[in-house]
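Knowing the structure of chain W, use the given hints to seat chains G, P, U, L, C and X on it.
The primary structure of each chain is shown beneath.
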Amino acid sequence: MLKPLGDRVIIEVAKEEEKSVGGIVLASSAKEKPQTGTVIAVGEGRVLESGQKIPAAVKEGDQVMFEKYAGTEVKYEGNEYLIVSGKDIIAIVE
Amino acid sequence: MLKPLGDRVIIEVAKEEEKSVGGIVLASSAKEKPQTGTVIAVGEGRVLESGQKIPAAVKEGDQVMFEKYAGTEVKYEGNEYLIVSGKDIIAIVE
Amino acid sequence: MLKPLGDRVIIEVAKEEEKSVGGIVLASSAKEKPQTGTVIAVGEGRVLESGQKIPAAVKEGDQVMFEKYAGTEVKYEGNEYLIVSGKDIIAIVE
Amino acid sequence: MLKPLGDRVIIEVAKEEEKSVGGIVLASSAKEKPQTGTVIAVGEGRVLESGQKIPAAVKEGDQVMFEKYAGTEVKYEGNEYLIVSGKDIIAIVE
Amino acid sequence: MLKPLGDRVIIEVAKEEEKSVGGIVLASSAKEKPQTGTVIAVGEGRVLESGQKIPAAVKEGDQVMFEKYAGTEVKYEGNEYLIVSGKDIIAIVE
Amino acid sequence: MLKPLGDRVIIEVAKEEEKSVGGIVLASSAKEKPQTGTVIAVGEGRVLESGQKIPAAVKEGDQVMFEKYAGTEVKYEGNEYLIVSGKDIIAIVE
Amino acid sequence: MLKPLGDRVIIEVAKEEEKSVGGIVLASSAKEKPQTGTVIAVGEGRVLESGQKIPAAVKEGDQVMFEKYAGTEVKYEGNEYLIVSGKDIIAIVE
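Top line first, the protein sequences correspond to chains W, G, P, U, L, C and X. For the first sequence, this note's numbering begins at 5 and goes up steadily by one. For the second sequence, this note's numbering begins at 5 and goes up steadily by one. For the third sequence, this note's numbering begins at 5 and goes up steadily by one. For the fourth sequence, this note's numbering begins at 5 and goes up steadily by one. For the fifth sequence, this note's numbering begins at 5 and goes up steadily by one. For the sixth sequence, this note's numbering begins at 5 and goes up steadily by one. For the seventh sequence, this note's numbering begins at 5 and goes up steadily by one.
Next up, chain W with everything else stripped away, as it sits in the complex (with noise of 0.2 Å):
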């Protein structure tokens, strides 16, 4: 198992699909947009500077928002997983 530290959250990114033309793979301009991904784990939240610690704001199974081009790739027993900050998460999908 994979514990993220801090505010740290581990995130199964969705796939996009691409959208194809006669063969020719377009690229969706959905592309540009945020990526939405299932929460798979989180950290303890991060620490304050009084010393009180916030826990993350969204929780394992939560479909979430973040944004593109943030965190760190990670390739655990086979999976890649995308570990990013509390503060890259944008929005929950409810």
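FYI, nobody ran anything at the bench for these hints, they're computed from the structure. Built from N, CA and C at the ideal position, the CB exists for glycine as well. Misleading hints may appear alongside valid ones.
Stated by the list, open to error - Okay, the calculated bits of chain G under chain P, using three or more residues with CB under 8 Å as the criterion:
#1 40-54
#2 91-98
What the hints assert, rightly or not - Now the in silico label distances, taken between C-beta atoms and shown as ranges:
#3 VAL17/L to GLU98/W: 40 to 48 Å
#4 PRO59/G to LYS91/P: 22 to 30 Å
#5 LYS91/P to GLY55/X: 32 to 40 Å
#6 GLU77/U to LYS63/G: 37 to 45 Å
#7 VAL17/L to GLU77/X: 55 to 63 Å
#8 TYR73/X to GLU98/P: 40 to 48 Å
#9 VAL17/L to GLN67/W: 33 to 41 Å
#10 GLU77/C to GLU98/U: 40 to 48 Å
As the list claims (entries may be wrong) - Here are the simulated lysine to aspartate or glutamate pairs, EDC-like style, with alpha carbons at most 16 Å apart:
#11 LYS57/W to GLU53/L
#12 LYS91/L to GLU16/W
#13 LYS91/W to GLU16/G
#14 LYS63/C to GLU77/C
Coordinates of chains G, P, U, L, C and X only, in the frame set by chain W:
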């Protein structure tokens, strides 16, 4: 439903009418001004280093002006929205 | 009505008279100085990291000097205003 | 009257005499040093993140040295002043 | 013994196997991913501006993932270690 | 008298002897090291964000080493001094 | 005696032996690693924004590793020392 996180606010951007003269589309001079829109959803607010949570200064339905080029465009259920940080909202239009 | 947010202040900028000599418009040397204007509306003030709210140092009707190039131009009901951060207001002209 | 805001201080800058040799004006070497002037008015002081207000370290009438190139030049009722941040005042000349 | 200071952590970096095809060494694609290793020693933690000490989120023996290019390589008694800041450790591999 | 403000310290810089060989002045290699001098006056100290005032770590008459290139040169009553921030003083020479 | 100020630490840098092969001096590969040395004196520690003083994490006589290129070289009574900030000391060698 899209639920913005932190001090983020989801805005439906007001469309600007383009003036055309004899079929030629003229870029409105107003386009260099801040944009306006309607607040669709607000996050729970930002957290100060002291741990205090500051709620958003705007609420659903507010007409707002926001800094041009601020925020991230998102597409959700066929509609386009802008998710901006509360600090990029300049004024409420009452 | 436009209601500025945070420590923002709406200013109606004073027009500078341009001197002309024999029909040639001369850029006033004063133009390189800070601009002056009248405060039209003030936001609720800025919030310190301690949570304390600091009200604006200016009020409606004040004549103020502000840093040139500060702020964002907005157009509202046919009039042009400047919305500046309170920290860019240099002095009150009494 | 000009009332400076925050930790700003209004200074009437002391004029430096230029030495001339045979009619040629020589830039004084002292010009590369900090400038001096007289404090005309002081703001209410700066506000710490803790909310505490720190009054200016100088008062009206003080002769002060300040960092060259600091501040903003203003013209008021025909006179020229410099408005500088309190942190750019180096020393009081007693 | 090496005793790391502050929020630093000493890591013995896991060696990555290189795949070779017909004798040609291929850089593993995994090399662009974060590195993994074993925690050898942890410092006393970081000190917040409030004076509170936050202990490290990892302990001796933990298998961790950390940001590639983070930290400082050290050689000690013939062995090579990496000393990284706690904030550069992404996740614990359990 | 010159009274430095905040955490500033006025220093009379020690002159370095230049070695000359056969009339040719050699730049001393020591010139690339920090400079030394005597503390002439100290300000009231710096103010923390908590409002607490931290007095200077040096006092009048102290021999000090300070970062080369730090501070502002001032001329006062025919003498030249350096006014440096307390944080640029490296050590007291006892 | 040299008394370092704030969180500074005076270090006597350990000399690295250079390997020579047939008279040609080879730069040791270890030179790209952090340097080691002996702590000669420590300052009173750093002051947090809360006013709390944090003493140095090292003491006189400690063998330490520190970031290469950190600190300021000083010469005192014929000896050369390095004065580094406490935050640039990576580890104590016990």
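To see whether the hints hold, each was checked on the structure:
1. 40-54: Since 3 is at least three, the answer is holds.
2. 91-98: Held - the segment 91-98 of chain G has 7 residues with a Cβ nearer than 8 Å to chain P, which meets the minimum of three.
3. VAL17/L to GLU98/W: 40 to 48 Å: 42 Å, holds
4. PRO59/G to LYS91/P: 22 to 30 Å: 23 Å, holds
5. LYS91/P to GLY55/X: 32 to 40 Å: 26 Å, violated
6. GLU77/U to LYS63/G: 37 to 45 Å: 43 Å, holds
7. VAL17/L to GLU77/X: 55 to 63 Å: This hint is violated: roughly 32 Å between Cβ atoms.
8. TYR73/X to GLU98/P: 40 to 48 Å: Once the Cβ atoms are compared, 54 Å apart, the range 40 to 48 Å for GLU98/P and TYR73/X is violated.
9. VAL17/L to GLN67/W: 33 to 41 Å: 35 Å, holds
10. GLU77/C to GLU98/U: 40 to 48 Å: 20 Å, violated
11. LYS57/W to GLU53/L: 15 Å, holds
12. LYS91/L to GLU16/W: With Cα atoms ~22 Å apart, LYS91/L and GLU16/W exceed 16 Å; violated.
13. LYS91/W to GLU16/G: 22 Å, violated
14. LYS63/C to GLU77/C: 20 Å, violated
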